[in-house]
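Chemist: What follows is each chain in one-letter form.
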Amino acid sequence: MSGAFVEIDALPRPAATAVPVAAARPSPARRLARALPPYLFLLPAVGCLAVWTYRPLAAAVNLSFFSWNLLPTTPKDPVGLDNYRRLLELPDLWHALWLTAAMTLALLLFTVVLPTVVALWTSAIRGRGRAVYRALIFAPVLVPPVAGAAVWQWMLDPTSGAVDRLIGHPINWIHEPGPAQIAIVVITGWHLLGFAVLVVSAGLAGIDDEYTAAAMLDRASRWQTTRWITLPLLSPTLVFLALMTVLMSGQLTFPLIDTLTQGGPDSATTNVYYLLWEWGFQNFDAGFAASAGLLFFVAFGVVAVGLVRLSDRLTFHDN
Amino acid sequence: MAVADTTAPAPARGGPSRGKPARGEPSAVADLAGETGARVWLRTAVGHGVLAALSLACVFPIYWMYATSLRRPEEVYNVSLFPWPLSVGNYTHVWDVIPIGRLILNTFAVAALISLGQLLVGLLAAYAFTAWRFRGQTLLYLAFVGTWLVPFQVTMLPNYTLLYRLGLLNTLAGVIVPNLASALGVLLLRQHMASFPRDLLDAARMDGRSSWSVLWTVVVPNLRAPLAALSIVLFINAWNDYFWPALVLQRADSVVQLGLRGLFVGVEGPDWGGLMAGSGLACLPIFGIYLLLQRHVVGAFVRSGLK
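Going down the list, the sequences are from chains A and B. Start counting at 1 in the first sequence, then tack on 4, and there's your number in the numbering used here. Start counting at 1 in the second sequence, then tack on 17, and there's your number in the numbering used here.
Excised from the complex, chain A in its bound form (with noise of 0.2 Å):
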């Protein structure tokens, strides 16, 4: 897929710099001319992030002593630390907290478990089935969120739903708390699944097929070899993806909380992202809200790096 020059074998690198041997103590004037290029290629790319990502983080930072109703016209409020302690007081953000949790837990069947199984069953198989299998679990990821929405509120309809026909029991997915977590999980994994087989599959192509005929040759079965060979090598990849899932489970269940149950019934499938959204844009509470995403940030923050260095700890590398 890519150029032939990718295949050409490991070449030794130039240990300091690409720069050919400089003349002896050039001008300050030509050092600087060397060493800007690096950086010129760079300002786009760094001048976008810095506006869009890490000046929001620090006017979040700003915005979250304040008490402001997003009103141009309306002065901000300084209040000090009064949006966190609002905020921690608050019984819907450890709702919300605790239900953003669980929906990453359960989200992690679709994103780790199915996957690895899927992807080791698949690998198993020869010729055309595989990519067959896989392009149809792959072909909901192409499917934009609203679509997908649309289309599983159409099956999941009450009274003339696909899937209370199927089922033949007539529940009302979308307007009771426990059908409509389990819709959400089920939507957000059904759009996720193909993409995390994916991955998977890659992770296993890059394990060496010498480990586990070795383990074949000392009569080790199938499963054991599974177990004690291929998941240990794997382990990076179902870290990752663990990680992505993480970090990005909120963003992936927004636009199908946001066009199926608006957080309800009873703020049953109101996550911390959907809190904030309320907050900032329906409250008009902005320095509340840039309060508790940046609490968010730090949890996530933590939780990362906690991720990070259990895959560390666990995985294994085939170095």
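Some hints here could point you the wrong way.
Per the computed footprint, the stretches of chain A lying under chain B, defined by three or more beta-carbons under 8 Å from a beta-carbon of chain B, are [as the list claims (entries may be wrong)]:
#1 120-130
#2 159-166
Pairwise CB distance ranges (calculated) [stated by the list, open to error]:
#3 B:Phe125 / A:Gly310: 37 to 47 Å
#4 B:Arg89 / A:Tyr215: 51 to 61 Å
#5 B:Leu186 / A:Asp270: 29 to 39 Å
#6 B:Ala220 / A:Ala217: 39 to 49 Å
#7 A:Asp212 / B:Tyr181: 52 to 62 Å
#8 B:Phe125 / A:Arg169: 31 to 41 Å
Hints were generated in silico from the structure; no laboratory data involved. We put the beta carbon where it would ideally sit given N, CA and C, even for glycine.
Let chain A serve as the given structure and place chain B on it in line with the hints.
Modeler: Chain B alone, transformed into the frame defined by chain A:
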């Protein structure tokens, strides 16, 4: 494989699957493990059964969407598995209710500009990271990786107010501009370039060419395939984005995501036929691109997801 293992920073994460033969020939492997033919056959059958069921479950909603959209409008509630007689009534209906053609065109333009911008900006940044060793390199790289940790909801308020001050709220430009650079694009392109032979870069530079011309005459032509693949992935990402367009545009006649959302609410409940037809149309461009360039897309996902 060799290149991926020696030049990529995380060798164990697996290289591209390119050129690998099919893994574990079941029969040979089973022989080694001393299994009987019947057991292997049974396992294969169960495996195929479960995979087929799962595949069906994944595709069924898509099938159902098109099946419903092709029923006659008055027969939308019919649940026969195959719509008959076929009708384009729902499509003409949705065409009348929302400006679906313009919505799709707008979405296409937005997605194309975003993916193009991300590709261009990412290309320059990735080249900087691969071609030079410079002060602050690690720090800058971490700044890109770090964006994964910043939840969108933290930056949305300040970005929203900035768009307001720039006068870009409710404009397509307001959707495009904040998305012109993506950490994803930079990181993925860096991975692709990492496997580019440095000698070639050095040789080109020794010839006295500027870095700019080396990038466009040496690097880009040789990375054509991964670049094409990545641009498709970025395009799909942009096409499927929901949150930011919903925030910035708020008008139902702007992009297809928001136009469809309008069909959810109606006096007599959602307009199912129109909704399915509109959703089906919204999927078509992506399906088309995917079918045309399927191998590239899979390749890009495979190589990108991991490293």
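Chemist: Each hint needs a verdict: does it hold in this structure or not?
Modeler: Results for each hint:
| no. | hint | result |
| --- | --- | --- |
| 1 | 120-130 | holds (count 7) |
| 2 | 159-166 | holds (count 4) |
| 3 | B:Phe125 / A:Gly310: 37 to 47 Å | holds (41 Å) |
| 4 | B:Arg89 / A:Tyr215: 51 to 61 Å | holds (58 Å) |
| 5 | B:Leu186 / A:Asp270: 29 to 39 Å | holds (33 Å) |
| 6 | B:Ala220 / A:Ala217: 39 to 49 Å | holds (40 Å) |
| 7 | A:Asp212 / B:Tyr181: 52 to 62 Å | holds (55 Å) |
| 8 | B:Phe125 / A:Arg169: 31 to 41 Å | holds (36 Å) |
Consistency with the previously given hints is maintained throughout, with no hint failing.
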